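Given two chains presented individually in distinct reference frames, assemble the corresponding complex, making use of the accompanying hints.
Note that the protein sequences, when read in sequence, are chains Z and D. In terms of the numbering used here, the first sequence opens at residue 1 and continues consecutively. In terms of the numbering used here, the second sequence opens at residue 1001 and continues consecutively.
Hints should not be assumed to be uniformly reliable.
DSSO-like cross-link-like pairs, simulated, lysine-lysine; straight-line CA separation at most 30 Å [stated by the list, open to error]:
| no. | chain 1 | residue 1 | chain 2 | residue 2 |
| --- | --- | --- | --- | --- |
| 1 | Z | 258 | Z | 186 |
| 2 | D | 1219 | D | 1250 |
| 3 | Z | 368 | D | 1216 |
| 4 | Z | 83 | D | 1208 |
| 5 | Z | 399 | D | 1186 |
| 6 | Z | 368 | D | 1186 |
| 7 | Z | 132 | Z | 285 |
| 8 | D | 1210 | Z | 83 |
| 9 | Z | 48 | Z | 285 |
| 10 | D | 1208 | D | 1194 |
| 11 | D | 1230 | D | 1216 |
| 12 | D | 1086 | D | 1186 |
| 13 | D | 1028 | D | 1098 |
| 14 | D | 1173 | D | 1096 |
| 15 | D | 1173 | Z | 399 |
| 16 | D | 1210 | D | 1173 |
| 17 | D | 1086 | D | 1182 |
| 18 | Z | 48 | D | 1186 |
| 19 | Z | 5 | Z | 186 |
| 20 | D | 1219 | Z | 370 |
| 21 | D | 1085 | D | 1219 |
| 22 | Z | 453 | D | 1250 |
| 23 | D | 1216 | Z | 83 |
| 24 | D | 1208 | D | 1255 |
| 25 | Z | 134 | Z | 58 |
| 26 | D | 1194 | D | 1252 |
| 27 | Z | 83 | D | 1219 |
| 28 | D | 1256 | Z | 48 |
| 29 | D | 1098 | D | 1085 |
| 30 | D | 1098 | D | 1043 |
| 31 | D | 1252 | D | 1210 |
| 32 | Z | 258 | Z | 237 |
| 33 | D | 1186 | D | 1210 |
| 34 | D | 1250 | D | 1230 |
| 35 | Z | 399 | D | 1230 |
| 36 | D | 1086 | D | 1194 |
| 37 | D | 1208 | Z | 48 |
| 38 | D | 1186 | D | 1085 |
| 39 | D | 1186 | D | 1219 |
| 40 | D | 1216 | Z | 48 |
Quick caveat, the hints were computed from the structure, so don't treat them as lab data. Predicted model only: the values in this text are computed from it and were never measured.
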Amino acid sequence: MSNSKVTFRIGGVHPNDSKLARNCAIEVLPLPQTVYISMAQHLGAPAKPVVAVGDQVKVGQVIAEPGGFISAFVHSSVSGTVKSIAPRKDIAGNMVPHIEIAVEGDEWAEGIDLSDTLVTAIPSDRAAVLEKIKACGVVGLGGATFPTHVKLNPAPGSKAECLILNGAECEPYLTSDFRILLERTKEIVVGAAIMQMVLGGCRCVIGIEEIKPEAIEAMTAAVAELGYKDIEVLSLKKRYPQGGEKQLIDAVMRRQVKSGGLPISVGAVVQNVATSLAVYEAVQKNKPLITNTMTITGDCLPVERQHNYLFRIGMPLSYIAEYAGGIPEAAAKLISGGPMMGRAIANLDATTVKGSSSILYLSEAATKRKPESACIRCGRCADACPMGLEPFLLNRLYKAGDIEGLEAGSAQDCIACGCCLYSCPANIPLLDNVNQAKGQVMGVIRARAAAAKAAAEAAKAAENK
Amino acid sequence: MTTTIIWTIGILAGLGLLLSLVLFFVAKKFKVEEDPRIDEVEKVMPGANCGGCGFAGCRAFADAAVKAPNLDGNFCPVGGNDVMKKVAAILGYEIKEKAPMVAVVRCNGTCENRPRTNVWDGVQSCRVKASLYSGDTGCSFGCLGCGDCVAACQFGAITMNPETGLPEVDESKCSACGACAKACPKGVIELRNKGPRGMRVYVSCINKDKGAVARKACKAACIGCGKCAKVCTHEAITVENNVAYIDFTKCKLCKKCVLECPTGAIHAVNFPAPKPKTETVSPAPAPKPAPAAAPAPAAQAAPAPETKKEA
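So here's chain D without its partners, still in its complex pose (with noise of 0.2 Å):
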């Protein structure tokens, strides 16, 4: 009996041993030569694994910064600079800090001044809808309210309004990966800097059809009128296909298109209000829009009326 289990206990040490030592052998033979670095770049990373840098994860990232030359072309959205200065500082890289960026919906199509044209009975998903038709509103390229990019946001950053049936960005929480801009079929959702204090000016709209048709199916559309675009000093402006775009690098917030609009398509968030110089500003502004807004379709001239025809 007991010599039995002395000569198991044996046999399985003896076994053991040898095999253990055949590994040691193996392991040193085939060693896959990683570098340390990317463990330690990895550690550092957020570890969302939302896929925004372009990579398939924080460690795939990681390795594509380590056998990287430099740091230009690996940029981490959700970590932002922070986390950049780290991984360069393990790498000894250097780093061109980045304006953060936000998410930002650029379509001002709510109920009120969308109107629906028809109802959408079908599976609530902006994808399905727009392999579809052009939505259930006037506006074939705004936003169709469905929220695929709600559901696409990992941070939970945006959430559906239900009053206006759009999507808001929660500036704190959003970490511009894009994964909304591209669950987004219609191109909505665009990563913009974020600016000096949260500070922006953009143009929150993204309708190519000519001014009238763009204006009967929103009442806030671009009607590319271009009056934006003559007011800036800055050439952050251009029109094309019928809607303005604002370059966020050459833009430098004096918000002079924003009081130029005639739809209010041009928003400017989180700009302090100076209560007496809103009080200054505002009454020039406000009885603008209306006569503003009959000259800005007839600038469009010769389609304008053909197109109400139509309609």
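Excised from the complex, chain Z in its bound form (with noise of 0.2 Å):
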């Protein structure tokens, strides 16, 4: 293992890192007789549908269009007969419009190239590529599910220096993104060039942490093979959060993102290597973002239940679940995710969704709640915090309603990643609070923003009267 001194500067924790299943090669998943497509998959406006009951779809046959700029296309993962367009609950057990369709053979919608040939040439057109991004409703794999024809596209007047491509994967037990690293390695090459053309010929840093030396190594190498320019593989020390977008940029290009900003005001753009196989096959292949890896595991799953699976977005998690030999009985919680950032599953009915990443059996010692105690005032949260905040303060900030306190302290700032909890030996739910505190900060500088707005605007209405 190669000893990387690549990494942040701010923070950090060590979790174990309990890839498991990291040696099971990604199996493809068989169709059920129904999927439920939600139309809030990606950050943003909903979809719209634009098929009606009783329609034949076909799969990669667009079904919803965008419902702002800020939005999503999203396709029919199967072919089969549109049974209705309702709204069903989501996996935190919130109602989503959804639309049922019922699966009917596998037969795909026209122009999708389903070989495998590697298509290496790079088109040259950007804005049609761009387009092309779009229209196949690619999204951010990595956790946020941004509209990536929308990060790709920076505002005018900035310049992209460098597209990292996020192969981290900092979580623990997560081993999807290793999984396509080592399995569709040169299709995320191409794709990370297709990125590096639409930016504007900036370099390209793959980022990937040094316990993956086989990912390492095979990246390297298909680097080395297709000769595109200005790619280089980096590793990245053990640390967890290393994939979070600011911390990454911190590692890679020692440059840090004010509070507020977006990484381009760095010259950075951050995309998951998951989104850069999904650019390939969307540009190259001309298929639609309908499939992902996902993986299955847990502490209280034995190693041969554990599997990394293709799926199809809309299949139940219900589904899945039994297929890959249904719920092991010491599981406490299910969460679909990363142990650190990912939500619980309140509804196993609910569908994977296109950034679904995993389902996560874990057991009751690993994740019960400790009774909480008083804090000791230690700092090992501040100690742990990517983000330079101090949770203990912020944490008594929230508890005492001081809005004006929490944006002094940067409670807007926070990422959510948990460390602070991690750390805290007095088990204070302190990412809860913050993450809180986050909402009513984030409440009020929106407020405020809206109200500037509207003055500037009234101010101008006067102004040409």
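In structure tokens:
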């Protein structure tokens, strides 16, 4: 194992990486009888359905269009008949419109290249590529599901200097990114080269944590073989949250993004490796984002029952759990995403979305909250916070309802990585409270921005009169 | 020695006199004219500074009441009509008497009615819980049971009932300041007319899900069947988004809807229970829920079987 020194400069913790499913090759899940495709699979406005009940759809056909500027197309992941368009509970139990499709066969829409041949020629028409990425509904698969075509098209005046491909996968347990780094290596590199072209030929760094030497080796070989300009592979130190956007920029470029600023303000664009794969499939194969990789793992699941699956969006989680052999008895908590930032699954009838990355079965010992005791001001949370905040102070300010104090303490910069909660010896729910505080402060900031905008418009209107 | 003391006393006395004169003239010149009635009004206020009136505290309310042309927009919910009468007497205004209000918890989701589908292991805070997911039951609208309302009440009027898992309002202590209604992230608590002798009828459910879904999540949910609205002769009941709402300004407390409701979601509280009458009435509605329950979700026709399949 190489001993990488490349890492972010503030905070961080070292949880046990528990990559139990790392040797499980990606398997393709068979189709269920019915899929429910969510209209809110991306950040921003929900998509608007463009099909009606009773319509016949093919795999890859557009079934919903963007509901706003920050929104994305949604495609059918199966072929069959649209059964209903109705609200359904998502993973957190909230009602979200879904399109229900009864699966009939597996007939793909025309124009999608299903062959395995690697297409290495990079198209040169920037606008056409962006349009294709948009039309294929590609969103960031690192967790936030921000529409990729918006991120790859920075506002005029800002120039991307470095495209960082995020292969850190710093969350314990998750192995889906690791598997695609091994199995779809060349496709990811081509995807990176396409995004490089779209961003105007900036350099590209593929960051992978040092605990995945096979992936680093395979990626280095693929980059050398394909011979694109200015792409390098960088081994990152194992440390959580290495894959946080701002942390990765700090580690790779030694630049820090200002509070409230976007990565592009320091010349960086960060994309997940899975997004790169989706970009490759969209641009070179004309295949919309209807599949992704997810890990079935956990500390109470025997290794032989752990899997990495290629799933189609809209498959019910209960179907996948059943196919993988059911829920282990010792599982006390089911989590979608990693154990640090993932959300507990409150509703197993919910379906997979573009950004689904795992079903995690954790035992009671691993997840049960321990009784809370008093804060002794040891400062471990402040040491661990990768954003340089002081969670113990923010916690007090939140309880006192001091929103001004919270804003002065930069509660709005919290990235909800959970390092504070992880490091707290008193088991104080710092993450929960600081995250709430962030919401309150963001509300105040947004209201202020809206008021300022309205005042400016009123002044302009008065001037025009 | 003596001269030093005399000098010291003399200088200090002179200085004191001089400065007091300065202060006197400054106070005269820059006097802030404040209506003396503000103080008077503040004296008769309850002094809880709860903010239920919409102002920062009792002093701010007094200030606003004195400056306002009449008392229409200003009402102290804690002091009620008694205090407002005193305020009106000081200011020489007339007041429209307001019916006293009370906080009402509109949720039937007791542990028995609403089975828990998962276990909440996070912070005991409704606000945190609501921001993360829809709750530990099948109902995504009802009470989350972490007691933010209890913490918000300055009058000790709300307590959690450990048996039902729902908050209960002590009517004698509730001042209708509305702090609990604001604290509830789900909007379960509403301020309603207290009613004559505390008698009132209300729909104790805000579940907007379709009938079958709501019923599956909670035995006593409003399924939006609309029977109550049909039976109501005062047009007090509206059914919108699969949930009934009784307008307390129109409700005449006839209780017809209470008998009609197939799930028992409509509550009538503080009614005297005349024994012979209930005996004759209760056998009639008792067998009713069973047959009524079946056609009620069916009245939702098309969506009902679909929602079942989903679940």
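Structure-based check of each hint:
| no. | hint | verdict |
| --- | --- | --- |
| 1 | Z:258 to Z:186 | violated (34 Å) |
| 2 | D:1219 to D:1250 | holds (28 Å) |
| 3 | Z:368 to D:1216 | holds (29 Å) |
| 4 | Z:83 to D:1208 | holds (23 Å) |
| 5 | Z:399 to D:1186 | holds (20 Å) |
| 6 | Z:368 to D:1186 | holds (26 Å) |
| 7 | Z:132 to Z:285 | holds (11 Å) |
| 8 | D:1210 to Z:83 | holds (18 Å) |
| 9 | Z:48 to Z:285 | holds (25 Å) |
| 10 | D:1208 to D:1194 | holds (25 Å) |
| 11 | D:1230 to D:1216 | holds (24 Å) |
| 12 | D:1086 to D:1186 | violated (37 Å) |
| 13 | D:1028 to D:1098 | violated (43 Å) |
| 14 | D:1173 to D:1096 | holds (24 Å) |
| 15 | D:1173 to Z:399 | holds (26 Å) |
| 16 | D:1210 to D:1173 | violated (36 Å) |
| 17 | D:1086 to D:1182 | holds (28 Å) |
| 18 | Z:48 to D:1186 | holds (27 Å) |
| 19 | Z:5 to Z:186 | holds (26 Å) |
| 20 | D:1219 to Z:370 | violated (34 Å) |
| 21 | D:1085 to D:1219 | violated (45 Å) |
| 22 | Z:453 to D:1250 | violated (42 Å) |
| 23 | D:1216 to Z:83 | holds (22 Å) |
| 24 | D:1208 to D:1255 | holds (23 Å) |
| 25 | Z:134 to Z:58 | holds (19 Å) |
| 26 | D:1194 to D:1252 | holds (13 Å) |
| 27 | Z:83 to D:1219 | holds (29 Å) |
| 28 | D:1256 to Z:48 | violated (43 Å) |
| 29 | D:1098 to D:1085 | holds (11 Å) |
| 30 | D:1098 to D:1043 | holds (21 Å) |
| 31 | D:1252 to D:1210 | holds (28 Å) |
| 32 | Z:258 to Z:237 | holds (24 Å) |
| 33 | D:1186 to D:1210 | holds (18 Å) |
| 34 | D:1250 to D:1230 | holds (15 Å) |
| 35 | Z:399 to D:1230 | violated (47 Å) |
| 36 | D:1086 to D:1194 | holds (22 Å) |
| 37 | D:1208 to Z:48 | holds (22 Å) |
| 38 | D:1186 to D:1085 | violated (35 Å) |
| 39 | D:1186 to D:1219 | holds (19 Å) |
| 40 | D:1216 to Z:48 | holds (29 Å) |
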